[in-house]
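K.L.:
Take a look at the letters that make up each chain.
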Amino acid sequence: DQQVKQNSPSLSVQEGRISILNCDYTNSMFDYFLWYKKYPAEGPTFLISISSIKDKNEDGRFTVFLNKSAKHLSLHIVPSQPGDSAVYFCAASARGGTSYGKLTFGQGTILTVHP
Amino acid sequence: EPEVTQTPSHQVTQMGQEVILRCVPISNHLYFYWYRQILGQKVEFLVSFYNNEISEKSEIFDDQFSVERPDGSNFTLKIRSTKLEDSAMYFCASRGSGGEVTQYFGPGTRLLVL
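Line by line, the protein sequences give chains A and B. Position 9 of the first sequence, counting from 1, maps to 9 under this note's numbering, and the rest follow consecutively. Position 40 of the second sequence, counting from 1, maps to 40 under this note's numbering, and the rest follow consecutively.
Think of the hints as simulated: they come from the structure by calculation, not from any bench. Keep in mind it's a predicted model, so treat the numbers as computed, not measured. Cβ coordinates follow ideal geometry from the N, Cα and C atoms, glycine included.
Derived DEER-like restraints, expressed as beta-carbon distance ranges:
no.	chain 1	residue 1	chain 2	residue 2	range
1	A	Q3	B	N51	25 to 33 Å
2	A	S69	B	E100	25 to 33 Å
3	A	Q3	B	G99	20 to 28 Å
List time: in silico EDC-like cross-link candidates among lysine to aspartate or glutamate, alpha-carbon distance up to 16 Å:
no.	chain 1	residue 1	chain 2	residue 2
4	A	K5	A	D24
5	B	K78	B	D62
6	B	K42	A	E42
7	A	K38	B	E44
8	B	K42	A	D24
9	A	K5	B	E44
With the rest of the complex left out, here is chain A (with noise of 0.2 Å):
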């Protein structure tokens, strides 16, 4: 099951930076994206999200941009901090139907950032 992918297994960023980490997926049927940082032996804590009718959606030094022609995602973090290091993962939704609720996951992302 690919539907939801994180080619970028790793991406080390120099504190105060900008951090991109992308996701791609598959199934059109998903309308609402979801961005997830975990700690290790911890759960996984919701970020911050979007819908598809909307291209972008801020949160402090968070923000997700959403391209619907190209399947694509991207959570940028700016300025990124040490205690943003984590692993990130992406999931989507498709409402409607028998699916409304479930998540699908991506592999995840480890994000390091270096003092």
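Start from chain A and add chain B according to the hints.
P.N.:
Relative to chain A, chain B alone:
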């Protein structure tokens, strides 16, 4: 801030034994989920539960698995006869009603089947 809790944090069991993983979702949420993550792999959906019944389940969720909401607060996942390949982190999640899509996850239970 309300949060999803899970017990136990770790469980070690022998193959063939039954395990029950417990979750307390956020109190006013109505939709409940179980996911699992095998070491090094994706977080995978297992089952969703609403209005005291399963609304969707994955092909992983076979007859060995069951879920229950025995009272107004707990949400449990039972694995009847554990297999080695059931070893994973199991996450419970919940979300509110209506158009709310965001799911809030618990800290997980690490299950090790020997």
